[in-house]
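Q: What follows is each chain in one-letter form.
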Amino acid sequence: MTTEPAGPPDQGPILEVEDLTTTFSSPRGKVRAVDGVSLSIERGRTLGLVGESGSGKSVLSRSIMGLLGSTAERTGRITFEGQELGDWGDDEYRSMWGTEMAMIFQDPMTALNPVMRIGRQITESLRFHLDMDASTAKETAVALLRSVRIPEPEKRFGTYPHEMSGGMRQRVVIAVALACGPKLLFADEPTTALDVTVQAQVLDLLDEQQRERYMAMVLVTHDLGVVAGRAHEIAVMYAGRIVETAPTRRLFADMKMPYTEALLSAIPRLSDPAHTRLLAIGGRPPDLVNPPQGCAFTPRCPYARERCHEERPELRAVEGDPSHLFACHYPVDSQETLEIKDQLAARKLLATTPPPEDHDGR
Amino acid sequence: MTDLPEHREARTKGVGLAPSLTAQAEAIGVDIGGTEPDVPEGRRGRRKGLGIGAWLAIGWLVGLLTLALLAPVLPIADPTETFPAIARQGPTADHLLGGDALGRDVLARIIWGARSSFAVGFGAVALGLAVGGFLGLVTGFFRGRTDALLTPLMSLLLAIPQFVLALSLVTVLAAGEDVSSLRRIGVVILGLGIVSIPILGRITRANTLTWSQREFVTASKAMGAKSWRIMFREVLPNVVPAMLSIALLGVGVAIIAEGGLSVFGVGVQLPTPSWGNIIAEARGQLRQAPHIVLFTSLVLFLTVLSLNFLGDVISQRFEVREGQL
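These protein sequences, in sequence, are chains A and B. Sequence positions in the first sequence follow the numbering used here and run 1 to 362. Sequence positions in the second sequence follow the numbering used here and run 1 to 325.
Treat the hints with care, since some could be wrong.
Here are some chain B residues pointing at chain A (derived, C-beta under 10 Å) [unchecked claim]:
#	residue
1	151
2	152
3	214
4	215
5	216
6	218
7	219
8	220
9	221
10	222
11	225
12	229
13	234
14	235
15	237
16	240
It should be emphasised that the hints constitute simulated quantities derived from the structure, not laboratory data. Since this is a predicted model, take the numbers as computed values, not measurements. A virtual CB, placed ideally from N, CA and C, is assigned to each residue, including glycine.
Given only the sequences and the hints, what does the whole structure look like? Please build it.
A: See below:
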């Protein structure tokens, strides 16, 4: 629903994924890292993909990008700009990589080649894809470095990655990914390896570049706080499935899935008094070789009931809001869950209040 | 913001403190240039020195190599000419290192011998590096079927005692009586080169495997680079230091192995000298004329020592660079 007059004429989502499943073969059997995921993203918008380690969010983005190699098996439909990617291999994908879709990697320490000057790491793809000559490529690369706020880009052009700090390197990684003007950018935990003070800068930079270039962006993170102010939509993943998805505002205003709620309460708040215990989600994500029969979150869910163990909830829309989907039998605002919440709160209160005085006078 | 006097005082104090702090930080080599350390232009080119040992080793090798290359124009005796007067004699003014059993000038033979020894050493390793390095790179990078086929083959070659393999290869390849000495050198290079293929191949493969899993390889792929391009331009430059370091060790081993082959009579063909065959020929004269073996062994020893030392220096520097990441 873009109303900006500056927007390109192309309509409809740039990327549509339908029922994508990615499995890996392991000695113990097939691992379903991504299990029946559907999503779509429009030009100029940001989708936040949230989940804890091992929830399949990185595999999902790499799967769409076709970067998983021959060990992974992919089924489902991926449509990019109206073109179905089907079972594309490296050769078909190569025409898309860099120019149509690009990826920013998590660790700037390993995402740059240590023995290649950063300038050349940018010009490589410019010369290869856009047929630039050496001097034009250099000018473009310097301009790119400037646009990602690297001071003295002409000088930095000839430096090696180890001569830069982590934040600067991540900016270079971003410049490399943006070089050929991709229409879809995957940012795979772009700030996880960075200092907190640099995180916001890098995220702001990504935001700014995304707006300027009118790109679609998939921001993969384990931190709901990172996507809260930046993504237009958020998809929460658990055990390879999307368990809740909604426009950002709707999600935070009215979350349905206990997992989303748990993720949110795991973020420490400034307003909490000092020494407040950090809330962690107990337990571990389920084994993806033998996924549980029912809802995958059941073993860790405080509100789980009999039905959750037996029957896997399908994604369904919130009444009156088709953009908000969730997969839960007893969402956090259902009668059943509220009951348990009350009980839990009562138990907690009992545990923290001192026992009443003895009346015997002893 | 209110400008309280305490604030102002603190600020002026801070200003007064700053230069000394900076100086201190500079003195201990700490970069306090804000959140983003600024690397000055000059520092980029300057690297940690190699150390005196490495320079001595380089000097020895380069000097010897120059002597060997210039042997035909140097004012030394013909290595095959015999001077009956100096047979089994120690150093004299005319013949600095004395003469061998037949009265040939030992200095001349060592210098001319360096030509064949270096040719064998570098030639064999170059062959091993070209073939083994390439195979290692391809199997480590692409893995899959090529790897499944080639790597066990290499392990199989490694299972055969290296020297026995080289000996049989050279014996078979140089069969026949009238083999020219140049051809013989070629055969020795080929034999030792084949033996070094699996060794260099394994090392290259192991390094390629680790570097290929780095994220920058995926990143490069995600930018649309072709596999061969990634292999040669992204992975290979990172693997080269390890290859180079093992190759230098290999040169020393090959030079010594040629001596071993000479003992069995299949090294470089006499009368063309090589360090190996000088020692092999004179080993019967140890009691009467120890200087022949002594001088040649000394040169051989220093050369192999230099090569090993340089190999170590390279591998150490390579580790440091990785540690900086």
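Q: Run through the hints listed earlier and report the numbers of any the structure violates, in increasing order.
A: Hint check: 1, 2 fail, others pass.
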